[in-house]
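Chains F and A supply the protein sequences, listed in that same order. Take 659 as the starting number for the first sequence in my numbering and just add one per residue. Take 659 as the starting number for the second sequence in my numbering and just add one per residue.
Don't read these hints as lab results, they were simulated from the structure. Heads up, some of the hints might be wrong.
Here's a subset of chain F near chain A, in silico, CB distances under 8 angstroms, partners left out [stated by the list, open to error]:
#, residue
1, D661
2, G670
3, C702
4, P706
5, A724
6, L743
7, S748
8, T752
9, L778
10, L780
11, V784
12, H793
13, D799
14, I800
15, F832
Predicted model only: the values in this text are computed from it and were never measured. Even glycine gets a Cβ: it sits at the ideal position worked out from N, Cα and C.
Protein chains: 2
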Amino acid sequence: MDDYSKKRVWNGGALTSPLPPALVSCGTIEKPNVLTVAWTGIMCTKPPVTYIAVRPQRYSYGLIKASGEFVINLPPASLVRAVDLCGVRSGRDTDKFQLCSLTALPAAAVSAPIIAECPLSLECRVRQIIPLGSHDVFIADIVKTDAAESLIDEKGRLALEKAKLLAYSHGEYFELGRKIGSFGFSVRKKKKMSKHNHH
Amino acid sequence: MDDYSKKRVWNGGALTSPLPPALVSCGTIEKPNVLTVAWTGIMCTKPPVTYIAVRPQRYSYGLIKASGEFVINLPPASLVRAVDLCGVRSGRDTDKFQLCSLTALPAAAVSAPIIAECPLSLECRVRQIIPLGSHDVFIADIVKTDAAESLIDEKGRLALEKAKLLAYSHGEYFELGRKIGSFGFSVRKKKKMSKHNHH
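Based on the provided sequences and hints, a complete structural model is requested.
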């Protein structure tokens, strides 16, 4: 194992990793917009609550504030160019759905569209806005989830690992790599071993 | 490209991906504790603000609330077993640093220790607690960053991609895989091409 025990102390920086470089869609199905947001995550399991942090200067900021609705779409690695473009270009002067060949589909519960090319979309309704400095945080209820039928197996489970989701880490894009465990494996393996030992 | 255009609509669920299954250390250097938190992310760039969502029943919840301080440590994939154990076991009855062979080092600015085996640690001070249901959100300033000397190159850049960070996605642990771009690449490539075309 590498030795990370010697540390250099820096001032605080906004760096955690890996993160989902989510395509956040907003506006309406007639006039949709999309921007890339890596400053997102889960805040609560029950009820399901998420957030996005957006600079007030961004074109999407006004759209989301006005409607109180947006959709978090998780992109597969194959969409890396669209993800990058939607983080750099502004919807003020560009139709980013057209520029990136993305397809807007109507959502089930919100006015913002979902993105057809993404395997998973979270339909969100804003419950609170917290200004923090460069970014405002939109805390939002996840009111519906749209999952790709092609990834749902016969048991009704979403085989999200097949989608090869895109990851963002310290300014770079990565594919998710090798699977090396599932939640709880460290305890399950121990139980199996102790069964073997005792019987 | 796979066809994700046919959707099945579910009720909202707490699922975004990939996420960092962070080792959150708390308590003191004399009596440290650690728990795994994937419900974390960046909320603001300037000033740097992060959060962790923790169930009030967790042992660490009281420690963090009392001190107002914690550290987010990003684990390499080699620590996957420790990460899983620290999500399943409780510090009430287990010394998880000892159980997982983790080394507590003093932090620069907070009472909670940093974890020697992690390449990057964010020292955090709580600024606000938001109860949302199953989880309370601790919004926190990132006051210091501790980076592994062995990953800092001659230009002072943290080569975090060398650390092979662990990712969490829909109940499973993954290594970060192939790098497929860096922020802004979609625009930089276009500029290069247009230069070629015009000269």
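Status of each hint after checking the structure:
{"no.": "1", "hint": "D661", "result": "holds (6 angstroms)"}
{"no.": "2", "hint": "G670", "result": "holds (3 angstroms)"}
{"no.": "3", "hint": "C702", "result": "holds (4 angstroms)"}
{"no.": "4", "hint": "P706", "result": "holds (4 angstroms)"}
{"no.": "5", "hint": "A724", "result": "violated (22 angstroms)"}
{"no.": "6", "hint": "L743", "result": "holds (5 angstroms)"}
{"no.": "7", "hint": "S748", "result": "violated (12 angstroms)"}
{"no.": "8", "hint": "T752", "result": "violated (12 angstroms)"}
{"no.": "9", "hint": "L778", "result": "holds (7 angstroms)"}
{"no.": "10", "hint": "L780", "result": "holds (7 angstroms)"}
{"no.": "11", "hint": "V784", "result": "violated (14 angstroms)"}
{"no.": "12", "hint": "H793", "result": "holds (4 angstroms)"}
{"no.": "13", "hint": "D799", "result": "holds (7 angstroms)"}
{"no.": "14", "hint": "I800", "result": "holds (3 angstroms)"}
{"no.": "15", "hint": "F832", "result": "holds (5 angstroms)"}
The structure fails hints 5, 7, 8 and 11 (numbered hints given earlier, in ascending order).
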